[in-house]
Structure formats: structure tokens, C-alpha cells
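Residue numbers (the numbering used here), protein chains in the order written: chain A, 1 to 289; chain B, 1001 to 1167.
If you're looking for bench data, these hints aren't it; they were derived computationally from the structure. Be aware that a few hints might be false.
[As the list claims (entries may be wrong)] Pulled from the structure, derived: some chain B residues nowhere near chain A, Cβ distances all over 10 Å: (1) Glu1020; (2) Pro1022; (3) Ala1031; (4) Ala1039; (5) Gln1127; (6) His1134.
[Unchecked claim] Label-pair distances were calculated between CB atoms; the ranges are: (7) Pro1022/B x His259/A: 42 to 48 Å; (8) Asn225/A x Glu1020/B: 33 to 39 Å; (9) His259/A x Arg1042/B: 34 to 40 Å; (10) Ser1136/B x Gly209/A: 47 to 53 Å; (11) Asp271/A x Thr1153/B: 37 to 43 Å.
[As the list claims (entries may be wrong)] To list a few chain A residues with every Cβ distance to chain B over 10 Å, as calculated: (12) Ala65; (13) Thr78; (14) Phe86; (15) Ile92; (16) Arg158; (17) Val160; (18) Arg210; (19) Gly216; (20) Leu222; (21) Ala223.
Heads up, the beta-carbon is just placed ideally off N, CA and C, and yes, glycines get one too.
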Amino acid sequence: MFKSALLLSTAIVAAFPAMAHERRDGGKLLLTGGVSSVDGAAGGGLASWALIAGDETEDGRGGSAHATYVALPDFDLTSAGVAAGFSNRVEISYAYQRFDTRKAGAALGLGRGFTFGQHVIGAKLRLAGDAVWDQDRLMPQVAVGVQYHIAEKAPVLRAVGARESESADFYIAATKILLAQGMVVNGTVRFTNANQFGLLGFGGDRHRGRSAQFEGSAGKLLAANLLAGVEYRTKPDNLGFAQEDDSYDLFVAWAFHRHASLTAAYVDLGDIATVKRQRGLFLSLQGSL
Amino acid sequence: MSFVPIILLLMTQAATPPGEQPVAPYPHHNANAGATPFADARMWQAFHESAGVGRIVDDLVATNIADPRISDIFKGQDMVRLRRTLKEQFCYLLNGGCDYSGRAMAAAHADMGIQDADMAALVENLQAAMRREHVSFAAQNRLLAKLAPMRRTIVKQRDLDRRRPGG
Ligand code: HEM
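Using the sequences and the hints given, assemble the complete structure.
So, in C-alpha cells, the structure goes:
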């Protein structure tokens, strides 16, 4: 018993060599913990990146909280969530998303102001590389993650053709800061069967299972606390009743304080549930420690 | 075998510059600077040549020793030597025509227990010093990209105490 505990603690110390040093929270360089994506994971606005949330380094713990509002012509999407980072290695996140159909709800036969919602519980593990310090190597920071979605209004989701109201996304993300060029680039492959991020359930009458989708982001550092860029995120098209489009955004992320940042974006989510051209303003406020 | 070359080597190193404390002998080499210089002259100009680099290093060292996050690490160290060798290192890397006469990064930072957060603090202080010197953001980032990989030989550098018990 004692021996196995000793073995275990030795194994843990070996896995986290930082533990031999003083534990200490905070200390990450500005913006290198990313901002909060709509799914709650550290990333850009739409994409999950390989960066780990929070201000901590390999020696500590950190966390972030966000509130996001996306104003579209016919819908509103709000998201709020928290994320915790451990030793710049592991990230745990939670987000709640709410999708208000406003007037369009009546036209869709759901009733005016009908809202969809979902919980997203995420975990991310940094596998290799360092996006920030390894400037002499092309090797990006690579992380894998899982996001478990629990969507509300299951009967309605089934009625529109979704197969499930809960499902997991799996993704692998690679992020690199190209400091000499002042650039940040990210590529993510996500295995998902989510309809409209999961708000319309998972799988559909057209396709049931997961497919590989891509999230790409590229940003330019305009100052140490200011990043502007573009993001593109492809999505499956599982439901027969409405075509689902890819989404993109043009964003500016501004760390106006060591512990707070604001992301503003022009976002195009395409057609949603037969309602055309949902383009609008994305605003996200984040605090981090 | 003759001891003359060794004695000569020790003699050249014994000439401690004024105001500095002597250090244990070490092999001199530009490779100690920890990175290769930029090929063109533009970076040296972007940093306003020796006057600019001088101001940046003086500012950086002054900021570091006043910064509660990292000031302890600098206590009791030779700041006269640090300023001189840092100026040489920056001048060498920025292709300003200097040689670097200091120690290798691993040797200079061993056993200090420097952590990621200290490295980030120093980078922030350097960014502030470069901003105050009005170095363009693009040129700042090109220098930082050269310095960033040195994290591997600076943070938690403990090569020299690996053989110590409990080290
Ligand atoms: C890219 C980052 C860094 C560079 C380029 C750098 C460069 C240098 C140089 C050139 C020296 C003098 C070597 C010599 O005396 O021969 C030195 C010494 C020193 N550095 Fe750094 N350094 C870096 C990061 C740090 C950090 C993060 C700390 C701690 C917060 C630190 C603390 C010191 C101290 C205390 C000395 C004096 C050592 C002594 O006199 O024995 N350095 N550094």
C-alpha cells in the first residue's frame, strides 16, 4: 500500500518535473493563453486552439471566464463559460450556449422566442511543442481534446431530424506563433456530428456519424496586446430540412488589461435552419488569472 | 604536455574589466551568445546602433532589478558585467560587429531556479525597454524570436548540479 503510493507519487513527480520547483500561478505572456472560443476551450472565437487557458505556466494553475454575445439578423447566440488550466498542460472547460430564435422561431413553427441551448464540457491535453518559446523550430504546439455536448430540447431536435441530443467532438489542434513574422496560425481537425455547433443536436437524417471538419485561423500581432485575424470553420451538413454552411469571422482580440481581453469580430455563420445569411457582430469579454 | 597555453589562457582571462568581479575561467566563443547573428544591417539600425542598444540594456537591467517578480534573482550578482556582456550579446546578434565575450547561456543561468514566469517577466521588461527606445514592433519581434529558444538553456537549468545529491 505505502509502496504503491510512493511509486505513484514518484511517477507523478516524474511526469511533472516542474513539481520539484516552487509552484506558482500566473506568469504567462500576454495573449498566449488564447481567448475563449464559443465552445469554451482556449482558442480564437470559433476555433479551438492548442493553447491552454489561463495565465499559468508549467509551474502553476490558471483559469479564465468568458461571456460571448453574437448578434445575428434573425437570431442571438450567447455563451458563457469557464476554463481551468493546469501546468500549461491540461485544460478543463465548461460553456453554456443559448440560441434565441426571436421572431424567426414563429416562422419555423417553434414559437416566437424559442431558445435552443447546450452544455459543452471540454478537456484538452497539450501533447508536444511550445507555440511561444520554440521559435527556432517549425514544430507547433499540438493538443488533443474532447468536447462533450449535452443539448436541450431533445424532442424538438429529434423532430427536425437529429439522431441524438448528446455527443462528443474529438479534435487535434496545432498552434504556432511565428514571432519573427508577428503571426499566429492554427489548424484544427475536429471529428464531429454536431448540427450548428450542437445546438440542433447530433447526426441527422442525411448523415449520422462523425466526419472530419477543419478549423483554420491566422492572425497578425499588431502590438503585444493586439491580434487581428481571420478564422474559418467547416461544419457537417447532416440535416435534410436545412442546409448547413461553413462559418468564418474576422476578429480583433485586445488584451486591454493583463487579466482581461475583449474580442470583437464580424462573423458569418451562413444559413441557419433555412433562415438565410446570418452575419453579424461577435463580442466576447474574457477575464483570466 | 606543456602548461604554457593554459597559463596564457588564464592570464588573458585574469584581466577583469574595471568595476567587475572576476569570474572562473571559461572558453570564449561567439557561440556562447546562444544564437546566430542576423545577416543584414537593418536590425542594427532598427535598434539605433550602439547608443540604442546601450540604452535598452541599461533600461532592461534597471527594470529587472526593480521588478518584484524577479529582482531576487539578480541580488548579489555582478550588474556591471551583466550590462557589458548583454550589450555585447545584443550587438553580436543584431550584426553590429561585436564579439560576445560572456559565458554560454546554460553556464550563466545554471542553478538559479529560473522559471517560465521569470522568463516571461524578463521578456516583458525587454519589450518595454525596446518600446521606450522606439524600436519598431516588427524589429522587436525579430529579436525576441532569436532569444525565445534560449528558454531551453535558461529555465530550470540544472546541468551543473545534476551530480549533487538531492539536486
Ligand atoms: C533570453 C533571455 C536571456 C538572455 C539573452 C540573458 C543573457 C544573459 C547574459 C549575456 C548574461 C551574462 C553572462 C556572463 O556573465 O558571462 C546573463 C547573466 C545573468 N542572467 Fe540572464 N539572460 C536571459 C534570461 C534571464 C532571466 C529570465 C533571468 C532571471 C530572471 C536572468 C538572470 C541573470 C542573472 C542573475 C545573471 C548574472 C549571472 C552571474 O553574474 O553569475 N537571465 N544573462
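Evaluated hints:
With a least beta-carbon separation of about 30 Å from chain A, Glu1020/B lies farther than 10 Å from that chain, consistent with its non-interface assignment. With a closest Cβ-Cβ approach of about 30 Å to chain A, Pro1022/B is found to remain outside the 10 Å limit, as its non-interface label requires. Under the 10 Å C-beta cut-off, the non-interface status given to Ala1031/B relative to chain A holds; the minimum distance is some 14 Å. Residue placement check: Ala1039/B keeps its beta carbon more than 10 Å from all beta carbons of chain A (closest about 13 Å).
Listed as outside the interface, Gln1127/B is inconsistent with that label: its C-beta sits roughly 6 Å from the nearest C-beta of chain A, within the 10 Å cut-off. Distance to chain A confirms His1134/B as a non-interface residue, since its nearest Cβ pair spans about 14 Å, more than 10 Å. Checked against the hint of 42 to 48 Å, the C-beta distance between Pro1022/B and His259/A comes to roughly 45 Å, which is consistent with it. Under the hint 33 to 39 Å, the C-beta atoms of Asn225/A and Glu1020/B, about 38 Å apart, fit the expected range.
Separated by about 36 Å at the C-beta atoms, His259/A and Arg1042/B satisfy the suggested range of 34 to 40 Å. The beta-carbon spacing between Ser1136/B and Gly209/A, approximately 51 Å, falls within the hinted interval of 47 to 53 Å. Taken as a hint, the range 37 to 43 Å is violated for the pair Asp271/A and Thr1153/B, whose Cβ atoms sit roughly 54 Å apart. The claim that Ala65/A lies off the interface holds: its Cβ sits roughly 21 Å from the closest Cβ of chain B, which is beyond the 10 Å cut-off.
The non-interface label for Thr78/A is consistent with chain B: the shortest C-beta to C-beta separation is roughly 33 Å, beyond 10 Å. The beta carbon of Phe86/A sits about 14 Å from the closest Cβ of chain B, which is more than 10 Å, so the claim that it is off the interface holds. In this structure Ile92/A is separated from chain B by more than 10 Å, as the shortest Cβ-Cβ distance comes to about 21 Å. Listed as outside the interface, Arg158/A is consistent with that label: its C-beta sits roughly 49 Å from the nearest C-beta of chain B, beyond the 10 Å cut-off.
The beta carbon of Val160/A sits about 48 Å from the closest Cβ of chain B, which is more than 10 Å, so the claim that it is off the interface holds. With 10 Å as the threshold on Cβ separation, the claim that Arg210/A sits away from chain B holds: the shortest Cβ distance comes to roughly 36 Å. Its beta-carbon lying about 22 Å from the closest one in chain B, Gly216/A satisfies the requirement of being farther than 10 Å from that chain. The Cβ of Leu222/A sits about 8 Å from the closest Cβ of chain B, inside the 10 Å cut-off, so the non-interface label is violated.
Remark: the non-interface label on Ala223/A conflicts with the geometry, its nearest Cβ contact in chain B lying 6 Å away (cut-off 10 Å).
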